[in-house]
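Chain residues, written in single-letter form:
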Amino acid sequence: MNTKHSINDLELIANDIRENIIRMLEHAGSGHSAGPLGLADIFTALYFDILKHDPKNPSWNDRDILLLSNGHCVPVRYAAMAKAGYFPEKELMTLRKYGSRLQGHPERQRLPGMENTSGPLGCGLSQAAGMALAMRMDKITHRWIYVVMGDGEQDEGNVWEAAMLCNKYKLSNIIAITDRNNIQIDGNTESVMPLENLKSKWESFGWHVIEVNGNDIEAFIDACAMARAITEKPIMIIAHTIPGKGVDFMEYDYTWHGKPPNHEQEIKALKELRTLAGKIRSEAHD
Amino acid sequence: MTKILDISKELVMEPIRKGFGKGLLEAGTMDANVVAACADLTDSTQISLFKDAFPDRFIEIGVAEQNLVTVGSGLAAMGKIPFVSSYAAFSPGRNWEQIRTTICLNNQPVKIVGSHAGVSVGPDGATHQMLEDIALMRVLPNMVVIAPCDSVEAEKATIAMAKHKQPNYLRLAREATPVITSKETPFEIGKAQVFAEGNDVTIISTGTMTYQALMSAHELKKHNISAEVVHVATIKPLDEDTILKSVKKTGFVITAEEGQIAGGLGGAISELLGEKLPTPIRRIGMQDRFGESGEMNELFEHFGLTSKQITLSAILLKDSMGGGK
Numbered sequence: 000m001n002t003k004h005s006i007n008d009l010e011l012i013a014n015d016i017r018e019n020i021i022r023m024l025e026h027a028g029s030g031h032s033a034g035p036l037g038l039a040d041i042f043t044a045l046y047f048d049i050l051k052h053d054p055k056n057p058s059w060n061d062r063d064i065l066l067l068s069n070g071h072c073v074p075v076r077y078a079a080m081a082k083a084g085y086f087p088e089k090e091l092m093t094l095r096k097y098g099s100r101l102q103g104h105p106e107r108q109r110l111p112g113m114e115n116t117s118g119p120l121g122c123g124l125s126q127a128a129g130m131a132l133a134m135r136m137d138k139i140t141h142r143w144i145y146v147v148m149g150d151g152e153q154d155e156g157n158v159w160e161a162a163m164l165c166n167k168y169k170l171s172n173i174i175a176i177t178d179r180n181n182i183q184i185d186g187n188t189e190s191v192m193p194l195e196n197l198k199s200k201w202e203s204f205g206w207h208v209i210e211v212n213g214n215d216i217e218a219f220i221d222a223c224a225m226a227r228a229i230t231e232k233p234i235m236i237i238a239h240t241i242p243g244k245g246v247d248f249m250e251y252d253y254t255w256h257g258k259p260p261n262h263e264q265e266i267k268a269l270k271e272l273r274t275l276a277g278k279i280r281s282e283a284h285d
Numbered sequence: 000m001t002k003i004l005d006i007s008k009e010l011v012m013e014p015i016r017k018g019f020g021k022g023l024l025e026a027g028t029m030d031a032n033v034v035a036a037c038a039d040l041t042d043s044t045q046i047s048l049f050k051d052a053f054p055d056r057f058i059e060i061g062v063a064e065q066n067l068v069t070v071g072s073g074l075a076a077m078g079k080i081p082f083v084s085s086y087a088a089f090s091p092g093r094n095w096e097q098i099r100t101t102i103c104l105n106n107q108p109v110k111i112v113g114s115h116a117g118v119s120v121g122p123d124g125a126t127h128q129m130l131e132d133i134a135l136m137r138v139l140p141n142m143v144v145i146a147p148c149d150s151v152e153a154e155k156a157t158i159a160m161a162k163h164k165q166p167n168y169l170r171l172a173r174e175a176t177p178v179i180t181s182k183e184t185p186f187e188i189g190k191a192q193v194f195a196e197g198n199d200v201t202i203i204s205t206g207t208m209t210y211q212a213l214m215s216a217h218e219l220k221k222h223n224i225s226a227e228v229v230h231v232a233t234i235k236p237l238d239e240d241t242i243l244k245s246v247k248k249t250g251f252v253i254t255a256e257e258g259q260i261a262g263g264l265g266g267a268i269s270e271l272l273g274e275k276l277p278t279p280i281r282r283i284g285m286q287d288r289f290g291e292s293g294e295m296n297e298l299f300e301h302f303g304l305t306s307k308q309i310t311l312s313a314i315l316l317k318d319s320m321g322g323g324k
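Chains as they are written, first to last, in numbering that gives the first Met the number 0: chain A, 0 to 285; chain B, 0 to 324.
Isolated chain A (complex conformation) (with noise of 0.2 Å):
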């Protein structure tokens, strides 16, 4: 269970796991580095404040569900997890090796606590509505089902068939967050296929839409906090983040989608995110 922490404290953990990132794809050699460095705040919010879960059960019957829907973001995920006491941190060292229960893309039968198979993109969203239509015939009515899905990702006609379920339905204990990082593979998402106007096209598949700076873990933890109180519709938080925050070099870039940092790139991302770290620690002492 969680016992809740500082948003300074919440600040360095998000810290802790983005030099995760950094080491494990480095040391796999492929993977994707921007999408998880800009999810490293949603996924500290959501497994160390917001998330109803317990590490030592994973199993656990009244736990909240999380789903990945765009799972080669899962190095964040697999951080996260670690930090919160699923598996040994020094397990991270593993992904995408032979044997590893850390698969390139997550697998659901490897690894306790991973809810969902993903890597294909499109199926979080329509997974976690056949989960809440479960939920609803058994008259459960205190679990949250949180969906972290990409932008690029949305281009998938699956996305729009399952938001359409989830309206119908009308499926309000899905929490939906988009990584509104604007990249993906071939550049950004505007120029390789248009999303916007995307917070008035879920509003008009009947979402509830809040945006939010998701690398603002407090906004992000207000924003979740919003969104349970919101019961007559499916909800989606368009979470804007940074694509490869906290390492300079990586920002903005589209081309750090689909690649790992090189042995050199390690060693100065990991010196920018000890500088950052430093910097909230002593932020916490003014």
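Hints in this document: simulated from the structure, not taken from any laboratory.
Just so you know, not all the hints are guaranteed correct.
Stated by the list, open to error - The calculated lysine-lysine pairs, modelled on DSS-like cross-linking and capped at a C-alpha distance of 30 Å, are: (1) B/Lys248 to B/Lys2; (2) B/Lys164 to A/Lys55; (3) A/Lys51 to A/Lys89; (4) A/Lys167 to B/Lys21.
Start from chain A and add chain B according to the hints.
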């Protein structure tokens, strides 16, 4: 040999999909975790019986087959046993990747029901005549593939699927076809059944073609060929023992199915025999082509999906090999 009805007598005609509708209702009555979802084809896939009995356990997805199976994955993750149905051309025709990633890779007990498979759909034409579904589903790890021969067997298969812990694909046909099994005919997932005994050739058939195979065995008697008919309702996993035992005895094989022979039952049997018991074989089914509009019997005739064609192939095969072992 498994006891079936006497096919020389007049048989009741019923669409195979009707048996599914009845079976699902029964499975739903036995187990409250059985739920159903459909993609805007509730009546024609016969899921409506279940829907009327258990409206709270039925989900109408709309014309969205990718969503259909992926919602199924979510339902299964919460302990439900979802039956998700559409026409086979659309599910698994359109949503294969979702089935692969969200159902098979997780080994979840989602039951995919593809109705209106084969050319027997008739007038709807090639777009709706699903011929590749057996091949598509057979290559997926964890997936079990079932094609019942009649409505009575479909009912039993559906009840068995509800108790089965893995992903299953159930292949159904639209038009009324002869009921050749009875309530007493046993059914078990993974078990092939000898419906007619013989010594000279083994006809291995599935789905609607099992009736044609039985007719052919009857015709072959006139040509002094004694044919054994092995009905393979479960195409995956194959009942290797039953098939190999028969083929060892006869030394010749004809396969018969209402779908593409490449990757279908014909493909599966060729793989098995190629590795374990190389045997002369001819495959009856769709020969790398699409269907077209027409009545079921016209199309069966046109594409050679008939007892006559099976009989001819058996005679030619035996002749070409010098008449026997």
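Against the structure, the hints:
1. B/Lys248 to B/Lys2: Holds, at about 20 Å.
2. B/Lys164 to A/Lys55: Measuring from Cα to Cα gives roughly 27 Å; hence the hint holds.
3. A/Lys51 to A/Lys89: Holds: A/Lys51 and A/Lys89 sit about 25 Å apart, inside 30 Å.
4. A/Lys167 to B/Lys21: 28 Å, holds
Violated hints are absent here; each numbered hint is respected by the structure.
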